[in-house]
Every structure is written in structure tokens, then in C-alpha cells.
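Trainee: Top to bottom, those sequences are chains A and B. First residue of the first sequence: 1, per the numbering used here; consecutive thereafter. First residue of the second sequence: 1, per the numbering used here; consecutive thereafter.
These are computed hints drawn from the structure, not numbers from a lab. Heads up, the beta-carbon is just placed ideally off N, CA and C, and yes, glycines get one too. There could be a bad hint or two in this list.
Said to hold, decoys possible - One side only, chain B facing chain A, incomplete, derived with CB under 7 Å:
#	residue
1	29
2	88
3	126
4	137
5	148
6	157
Letter by letter, the chains look like this.
There are 2 protein chains.
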Amino acid sequence: MNIKAAMAEAAEAVEHVMDRLLPIPEGPEARVIEAMRYSSLGGGKRFRAFLVLESAKLFAVSSQCALRVAAAVEFLHAYSLIHDDLPAMDDSDLRRGRPSCHKQFDEATAVLAGDGLLTYAFEVLAHENTHADPKVRADLVLALAKASGTQGMVGGQMIDLLAETTPDMDAAQITRLQRMKTAALICFSCEAGAILGKAGPAARHALQFYGQEMGLAFQIGDDLLDVEGDSAETGKPTGLDQAAGKATLVAVQGAESARAHADMLVEQAGSHLDFFDGKATLLKEVARFVINRRS
Amino acid sequence: MNIKAAMAEAAEAVEHVMDRLLPIPEGPEARVIEAMRYSSLGGGKRFRAFLVLESAKLFAVSSQCALRVAAAVEFLHAYSLIHDDLPAMDDSDLRRGRPSCHKQFDEATAVLAGDGLLTYAFEVLAHENTHADPKVRADLVLALAKASGTQGMVGGQMIDLLAETTPDMDAAQITRLQRMKTAALICFSCEAGAILGKAGPAARHALQFYGQEMGLAFQIGDDLLDVEGDSAETGKPTGLDQAAGKATLVAVQGAESARAHADMLVEQAGSHLDFFDGKATLLKEVARFVINRRS
Numbered sequence: 001m002n003i004k005a006a007m008a009e010a011a012e013a014v015e016h017v018m019d020r021l022l023p024i025p026e027g028p029e030a031r032v033i034e035a036m037r038y039s040s041l042g043g044g045k046r047f048r049a050f051l052v053l054e055s056a057k058l059f060a061v062s063s064q065c066a067l068r069v070a071a072a073v074e075f076l077h078a079y080s081l082i083h084d085d086l087p088a089m090d091d092s093d094l095r096r097g098r099p100s101c102h103k104q105f106d107e108a109t110a111v112l113a114g115d116g117l118l119t120y121a122f123e124v125l126a127h128e129n130t131h132a133d134p135k136v137r138a139d140l141v142l143a144l145a146k147a148s149g150t151q152g153m154v155g156g157q158m159i160d161l162l163a164e165t166t167p168d169m170d171a172a173q174i175t176r177l178q179r180m181k182t183a184a185l186i187c188f189s190c191e192a193g194a195i196l197g198k199a200g201p202a203a204r205h206a207l208q209f210y211g212q213e214m215g216l217a218f219q220i221g222d223d224l225l226d227v228e229g230d231s232a233e234t235g236k237p238t239g240l241d242q243a244a245g246k247a248t249l250v251a252v253q254g255a256e257s258a259r260a261h262a263d264m265l266v267e268q269a270g271s272h273l274d275f276f277d278g279k280a281t282l283l284k285e286v287a288r289f290v291i292n293r294r295s
Numbered sequence: 001m002n003i004k005a006a007m008a009e010a011a012e013a014v015e016h017v018m019d020r021l022l023p024i025p026e027g028p029e030a031r032v033i034e035a036m037r038y039s040s041l042g043g044g045k046r047f048r049a050f051l052v053l054e055s056a057k058l059f060a061v062s063s064q065c066a067l068r069v070a071a072a073v074e075f076l077h078a079y080s081l082i083h084d085d086l087p088a089m090d091d092s093d094l095r096r097g098r099p100s101c102h103k104q105f106d107e108a109t110a111v112l113a114g115d116g117l118l119t120y121a122f123e124v125l126a127h128e129n130t131h132a133d134p135k136v137r138a139d140l141v142l143a144l145a146k147a148s149g150t151q152g153m154v155g156g157q158m159i160d161l162l163a164e165t166t167p168d169m170d171a172a173q174i175t176r177l178q179r180m181k182t183a184a185l186i187c188f189s190c191e192a193g194a195i196l197g198k199a200g201p202a203a204r205h206a207l208q209f210y211g212q213e214m215g216l217a218f219q220i221g222d223d224l225l226d227v228e229g230d231s232a233e234t235g236k237p238t239g240l241d242q243a244a245g246k247a248t249l250v251a252v253q254g255a256e257s258a259r260a261h262a263d264m265l266v267e268q269a270g271s272h273l274d275f276f277d278g279k280a281t282l283l284k285e286v287a288r289f290v291i292n293r294r295s
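Pulled out of the complex, with its shape left as it was, chain A reads as follows (with noise of 0.2 Å):
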């Protein structure tokens, strides 16, 4: 099967259970439902969710089990893309072709929604269908927490903020920002199913390096997208980032030089896959897939 057609069936199978998982929206309190379920359902590559699956393949572990903690991983990167969006941080008024949350409801409902899914994603992880030891329940959240916490995701997010009035960041310190705000959920994406398989160490740390190398090969080619994209196939405004003074690799490199940095980071990411013999072919094209994509 090509990587496309392979991350389409995965994201359809991850759409599938998000939706069962989410609750229904009813009661006085179903505006936040809908706003959750408008915010992470009905779109997306579901790129994380291909690679926590394609992870947990490694080490057979059921794919209820793998999907529900894609659905997990896919709820905490909505929330992250909802108040990501919001005025007072990126002030992005489109997110996949459509309104952003708080355009199609309202800020209020858009801070909520976010923290309802962020929210969610732990509950769903420590819930004992996910997995039926507790051990490896506990460990999932730990891990997600911590990718997503100051040391990660937030801390990343807030390093990009004060970018903007201080626009002389060099291209280690970008790097170490995108490690964080991006690089540290896949990370936990390809991590995910070595914890789901209990595998030892030297297999967790594969998939660790091999996650940290290739999110940030991903996040180059998100930055070279919005240099070279087009928003009707991206689904969102190009030429943003340049606009704000983001602090990119592109940015501070040059359009070849991030691709060829790039190219490195792929050619690194994939030589970690080589503990797995063989058997992570789909992970290895996926990372050469994320800097020539087009959406």
C-alpha cells in the first residue's frame, strides 16, 4: 500500500473512534460539546494518529487499543490548534478551510472547548479499555502529559509568542522551540506504541529519536509551506508566518537550506528505524512524506 492511501485508511478508522469516543451534545451544556466535536472532527491528515498506529504495529498490540490512543493524541492537537488560533495568540481566523472555533462560536467557547479536549485526551488514555494494564495506562499519560506541558508543547507555544517582538532568534534556538511546540507530540505519537507494547528500552528510544528527528523534518515543511504553498490546498492562509516575523528555519535559512536540512533530518530519522529490521517501512516513508507534501 502507498503512504497515502496508507495514512487515509488510518485516518478514517481514527475519525471513526474520535467521533464514537466524543459525547453527544445535549443538555445546557451542548454548546461546548459541539464546539469540540466541530474543532477535532471532519478533517486533517491525522498525522499523529498514522503514527501511533503504525508504532503499536511494531509491537502487535491491538489496534483498539492503538486507536484509542490516536483519538487521544488527535483530541490533545485540536485543543492545541483551538487556542492556538485564538486572538490573543495567533489570531488565525481559518483552520482547515473552515472558521477557526472561535469564529464559528465565540471565545469563550472556543477557551472551553479546548480544555474539554484537553481534558478528554488524559481521560480517555487512563480509561481501562485503552489498555488493561495500568501500568502502561499511567506511563501513556505521563508521557503525553509531559510532551505537552512547559517542557513541550506550551512551552513551545509561548517561546513562539515572544518571538514575534523579538525577532533575532538564531537557528538553535528555533530549532529548541520547535522541538518543543511541535516535534515533542509526534515524538509522543511514535513513542506511543512502544509504551502500548511494553517494549524495552532500546525500542522506545528508537522511536523516540526517530520521532524527535522527523518532527521537526515536519515542522520545516509546514514553514515551507506557508513560503511556497497554496491556502486552497493547505486550508489555511499562506504567507502568514513571514508576515508575523515567525521565527522559522526558513525564515533565518533560506527556502533550500531548511530543505536541505530537512533532507538530513529525514536521512537521520530513518536510520533510527533501522533497529526494526526491515519492518517500519511505512515510518520511514512518512518521514520523506512530510517535507514534499502539499497540504
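Using the hints, position chain B against chain A.
Mentor: Frame of chain A; chain B shown alone:
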């Protein structure tokens, strides 16, 4: 020991643990950590922490474990206050007698600080230092997530916001709102001791019922303070709920009837503690305290 001294002692102990658990502000992301520390340390009655510690004592749980759970609950409570105070939500400039988080920092930092504290609450619970048994850690995460999500705090805040523009809620609807918005986290705080102590279902249910009734009484106490309190003592402006047309039992039933309602709830709450044969003296006392406090 009287209830005030016991609460002060618990507050000091949990404050110390929270201070030690929170990251040190350093690196370019320091600002969000400063905001998390600003809004979670240095104040508050630590009422929820007290409930965790007292319920844990019923099952001879080590105070080290109980204090970590108490800290996690206070981190989560602090997140909810930061987000509730945001301009798009309750738009409150003052909290615990100091500028609210978005006034002291800015809106973006306040959104992120709340996100960081919510995430960190789950990280602390899932960490092996919280309890040697991973089943206990996963159960704590699950119960806290349920209390904080759309069935609990997030759903309650949604209803509360909508109530401002549809001001015809009856007592039953307001009670449901307050069960979700306030009582759910208070209920978790009481239940936490039973989870930590691996108590049987009867003990756990007794604490849940106690927490639900007492949590409602607590909210009525809060609403009475808004009407009758002195902002110099409460550390926040009073009369705001009335001015905003907030849905409270005090507004619907009048202060006197609401106070009688709260008395009845405290009575009911206390009766659930009879299960513990006089061992839960301070929990019984604190239920009376919540409706007679001045801040």
C-alpha cells in the same frame, strides 16, 4: 485542633509541595512558568487540598502521596480560575486580592499558563512518586479528568456563561450547573483519599456523596459571600454576580432561603460520614465551615 488551624497547617504543607513540584522559571519559556507560579502559589485557602489530605487520613495513606494529589488538585483549580477570569469569560481583573493572571501578564500567557497547569496536574498524578500502584495513578487521572471535563467543570462553566444571556434558570437547573462547575472537583478531592487508600466501594461512595452535598453547600456559601461579603476580606470584588445577573440559588431563592438550603446540605453531607464511625471529625466540621466563612 480547631478547623481553622488544621486548614492553615494543610495549606502551608501543600503550598510547599506545589512550590517544589512546579518548574523553575528559566529559558525563553520562563514567562509561562512565572505565570503558572504566580497564579497557583502564594494564596488561597487550599480548601480542596485540605479535603484530599483529610480523606486520605481515613485510610492511613502516606502524607507524601496525599500531598502530591492535593497539589495536583490545586494546580487544576488554579487553571480554572485563570481561564474563568479571562476577558472572554468572566472578565475579572482581581483574584485573591491581586491582579488576575491576564492582567499581571497578558491574555496569551494566561491561556497558556492555564493549559500548563491543567496538563501538569495530570503529569503529577501519573508520576510514580504519587503512588507505587499504577492502578491507583490511572484511577486518579480518570476520576480527575471526569470531574474537570464536559460532565464536570468545563460543562458547568459553559452553562454558567450561557446563563448570563438566558436568565431564567430554575433552582433545579442551577443546582445541576453548580454540581458540574464546583461540586465535581470538590467531590473528587474527597474521593481521592479513597482511591489512594484502595478503599472498597462503600467507603468511596460515602466520600463521593459527602463531597457532592458539601460542594453544593460550598457554592452557596460563595454566592452568599458575593452578596453579603466584604471585598477586603474576600480578596475579590463583591456584588459582581448580582450585577452580571448570574444564575445562583441566592438570586433565585433569596439569601435566607439559600442559607437554609445550605444548612440542610451540610447536614446531609455530614450524615454520609457516619460510615467512618467518628473518624472523620474534621471533614464534618469543614462542611459547617464552608457556609459560615467570611472569605
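Trainee: Identify whether the interface hint at residue 88/B stands, where standing means a beta carbon of chain A within less than 7 Å of its own.
Mentor: At about 4 Å, which falls below the 7 Å cut-off, the nearest Cβ of chain A leaves the hint on residue 88/B intact, so it holds.
Trainee: Is the interface hint for residue 157/B satisfied, with its Cβ closer than 7 Å to some Cβ of chain A?
Mentor: holds, 6 Å
Trainee: Does residue 126/B pass the interface check with chain A, least Cβ-Cβ distance below 7 Å?
Mentor: Since the shortest Cβ distance to chain A is 4 Å, the answer is holds.
Trainee: Report holds or violated for the interface hint on residue 148/B, using the least CB-CB distance to chain A and a cut-off of 7 Å.
Mentor: holds, 5 Å
Trainee: Would the stated hint for residue 29/B survive a check requiring a Cβ distance to chain A of less than 7 Å?
Mentor: At 4 Å from the nearest chain A Cβ, residue 29/B passes the 7 Å test, so the hint holds.
Trainee: Hey, does the residue 137/B contact hint survive, CB to chain A under 7 Å?
Mentor: holds, 4 Å
When held up to the earlier numbered hints, the structure conflicts with none and fits them all.
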